[in-house]
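Engineer: Listed below are the residues making up each chain.
Protein chains: 2
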Amino acid sequence: MSIFNVELKKVVDDTYDIEIGYNLSDTLVSDLENGLAGKIKKFAVITDTNVRDPYALPICEKIKHAGYSVDLFVFPAGEKSKSRETKAKIEDAMLKKGYRRDCCIIAVGGGVVTDLSGFIAGTYGRGVPFINYATTLLAAADASVGGKTAIDTPLATNTIGLFNQPQKVYIDIAAWKTLPQRQMASGMAETIKHACLGSEDMFEFIEENLDDIYSFKKFACEYIAENNCRIKYNVVMKDEREAGLRETLNLGHTVGRAIETVSDYKLLHGEALSIGMAAQALMSARLGYMSEEQAERVIKLYERAGLPTRIPDYIDREELVKKLYTDKKVRDGKLRFVLQKGIGATVEFAPGVYAKPIEESLAREIIMEL
Amino acid sequence: MSIFNVELKKVVDDTYDIEIGYNLSDTLVSDLENGLAGKIKKFAVITDTNVRDPYALPICEKIKHAGYSVDLFVFPAGEKSKSRETKAKIEDAMLKKGYRRDCCIIAVGGGVVTDLSGFIAGTYGRGVPFINYATTLLAAADASVGGKTAIDTPLATNTIGLFNQPQKVYIDIAAWKTLPQRQMASGMAETIKHACLGSEDMFEFIEENLDDIYSFKKFACEYIAENNCRIKYNVVMKDEREAGLRETLNLGHTVGRAIETVSDYKLLHGEALSIGMAAQALMSARLGYMSEEQAERVIKLYERAGLPTRIPDYIDREELVKKLYTDKKVRDGKLRFVLQKGIGATVEFAPGVYAKPIEESLAREIIMEL
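Chains X and H, in that order, give the protein sequences.
Position one of the first sequence corresponds to residue 12 (the working numbering), numbered consecutively onward.
Position one of the second sequence corresponds to residue 12 (the working numbering), numbered consecutively onward.
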């Protein structure tokens, strides 16, 4: 009978910097002093038990020394902490400590810390600013560009979350040296994925310089840190809300995410992704989008990086096939896969469409072989 | 050592319509057929146990009849359901039913349903569209404009949530008749608050036509539905993210929210707000921002509307004073109140500043008197 029009049109500027370097905690503090968080004087540093002593505590000390109020919130390291329960515990601890909306969250750690903290920041008091201090290659590769934050639920990974852009991201390459080799390799899984979907040059660089990356040579680490950002940024810029092109970043994740869940997180995200990348390479070759040799090259690079490319025996393969249907790309009950086109590109199946409907029989066939 | 700039500037258009009328379920379905939710064919209708039979089920039937896929998700009626637990249960139920990102949520009910459903929509798969079908005056007054969604935590109300704009809002005035009188009065508490902060004309209209509102006369119900939207919109448009002016909508809520929590939700939101409005009126008069007579007029209108204006005996007043510090307006540990300037306006204490720091002693004094 009467219509009231709520006109809400506005320009949103979420522009931010990613600083790539060595030992950036002093830079972080001087950025705060120079107004990175505006007038905010109260900081909540969120981290996990692994990162607490080497990075988060020293950062807290420096922030306090600069005259700000700061508290540290620590949760148990591991993907299992990326849960509703951890989110609630940290929120309640912040509420108890009197945190209101005039605070800023600083995430110090790997991908679990940055994913979880960005989600907490997005909903705490309906949103407070946050800063990411990434201490792992995986966080540098995966969580630094794109604003995706989330938690896992028992039914599937990254199901609940939001898009939320940080004030700034720090990628501390010096921290990579302190990572267990398994964690470093897990980060390489996303890095190689970026090369596979976006740059044959980068793929060749990794083939040639893998040892230099793993021995933390400056030129090699800087190259992959910068190129991870560049490739992801090129995709995200064109499709911030994951309507089309951004789905290409999901390469290897259809099978990867499912294995990660079915393994009950015994496999790290990158390890599960590595198997998922092998699966999509075989599928891409089977469907004629890349040669058998190219698929072999992809699988071989993952193996050289110290990552699994076969499904472990303890995984129930039929359960895995079922789990594929929890993938976010599923539409109208049909599985959809992103596929590689040679090395350095993905297949655009139709204008703006990068995920192809795949028969369950083909997916099952490849899962049974792997 | 190297800085990578992520430039994310964009125009966001969250414009939407609020349709005010009688029995709007057919309008909703024809809007869906005309593309309100784009190409989406899968709908999750969220409601509570009170609204299920009279409104949500018939709406589901009509949506299904129009050829769409639809499921109903029902939670127990009451503010206690506005919790993390209810959010998780509905999300898990949606995941189990195979809901992915290609769905739209339709909230059918009062403020608890619309607040909770808007929050679920904002984080399900990192965000799906949602539509509000408001069946109560409170939802029409409070939840229809502004995009605020949230859940309560044991420590405070509306602490976790986000700003999320619906595709469209329906205000079904016919549904008001089916409300228990206590619920209708609770909605009047927000309605009178809008008049107090934004329109002396509206205040006088309510003084003159309260009986016509309570006997659901068309002209009276339409007037308050439209003016609630108008006043809230005028505020929200100027300050979408609650940085300054929008805090005026929080009039009466400093004490109101605290009482609501301390009463363990025995008081409805509007009942608690009514007491909070009395508290702020006394405070505004004490500080010289309105006359004693004006404060009396405000309190008297709340009483005539069938709402409490004194703190019930079972409330521990000292606990209430402590609880004030969980208010979102608290800054640097100081209480801040929005105060009325005469009738129809609020006090602007400094340019753009509408919440005034108040000594605990004054707040305690008024709480002890009430």
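Think of the hints as simulated: they come from the structure by calculation, not from any bench.
In this text, a Cβ means the ideal position worked out from N, Cα and C, and glycines have one as well.
Please note: incorrect hints may appear among the correct ones.
[To be verified] Covered stretches of chain X, as calculated for chain H (at least 3 residues, CB under 8 Å):
#	region
1	201-214
2	280-287
[To be verified] Below, computed lysine-lysine pairings styled on DSS-like, alpha-carbon distance capped at 27 Å:
#	chain 1	residue 1	chain 2	residue 2
3	X	Lys-21	H	Lys-249
4	H	Lys-249	X	Lys-108
5	H	Lys-21	X	Lys-21
6	H	Lys-50	H	Lys-108
7	H	Lys-108	X	Lys-20
8	X	Lys-345	X	Lys-311
[Said to hold, decoys possible] Simulated restraints on C-beta separations:
#	chain 1	residue 1	chain 2	residue 2	range
9	X	Gly-78	H	Lys-333	27 to 33 Å
10	H	Lys-20	X	Phe-227	45 to 51 Å
11	X	Asp-113	H	Lys-228	56 to 62 Å
12	H	Pro-87	X	Asp-212	56 to 62 Å
13	H	Lys-229	X	Asp-24	41 to 47 Å
14	H	Asp-327	X	Gly-255	53 to 59 Å
15	H	Lys-228	X	Gly-255	49 to 55 Å
Engineer: Next step is simple, just say for each hint if it's right about the structure.
Structural biologist: Checked hints:
1. 201-214: violated (count 0)
2. 280-287: violated (count 0)
3. Lys-21/X with Lys-249/H: Holds, at roughly 12 Å.
4. Lys-249/H with Lys-108/X: violated, 32 Å
5. Lys-21/H with Lys-21/X: Between Lys-21/H and Lys-21/X the Cα gap is close to 8 Å, so the pair holds against 27 Å.
6. Lys-50/H with Lys-108/H: holds, 20 Å
7. Lys-108/H with Lys-20/X: Violated. Lys-108/H to Lys-20/X sits at ~35 Å, over the 27 Å cutoff.
8. Lys-345/X with Lys-311/X: Status violated; Cα separation ~30 Å.
9. Gly-78/X with Lys-333/H: 27 to 33 Å: holds, 29 Å
10. Lys-20/H with Phe-227/X: 45 to 51 Å: Hint violated: Cβ distance 36 Å, outside 45 to 51 Å.
11. Asp-113/X with Lys-228/H: 56 to 62 Å: Given a distance of about 45 Å, which is not inside 56 to 62 Å, the answer is violated.
12. Pro-87/H with Asp-212/X: 56 to 62 Å: Once the Cβ atoms are compared, 58 Å apart, the range 56 to 62 Å for Asp-212/X and Pro-87/H holds.
13. Lys-229/H with Asp-24/X: 41 to 47 Å: holds, 45 Å
14. Asp-327/H with Gly-255/X: 53 to 59 Å: holds, 57 Å
15. Lys-228/H with Gly-255/X: 49 to 55 Å: holds, 52 Å
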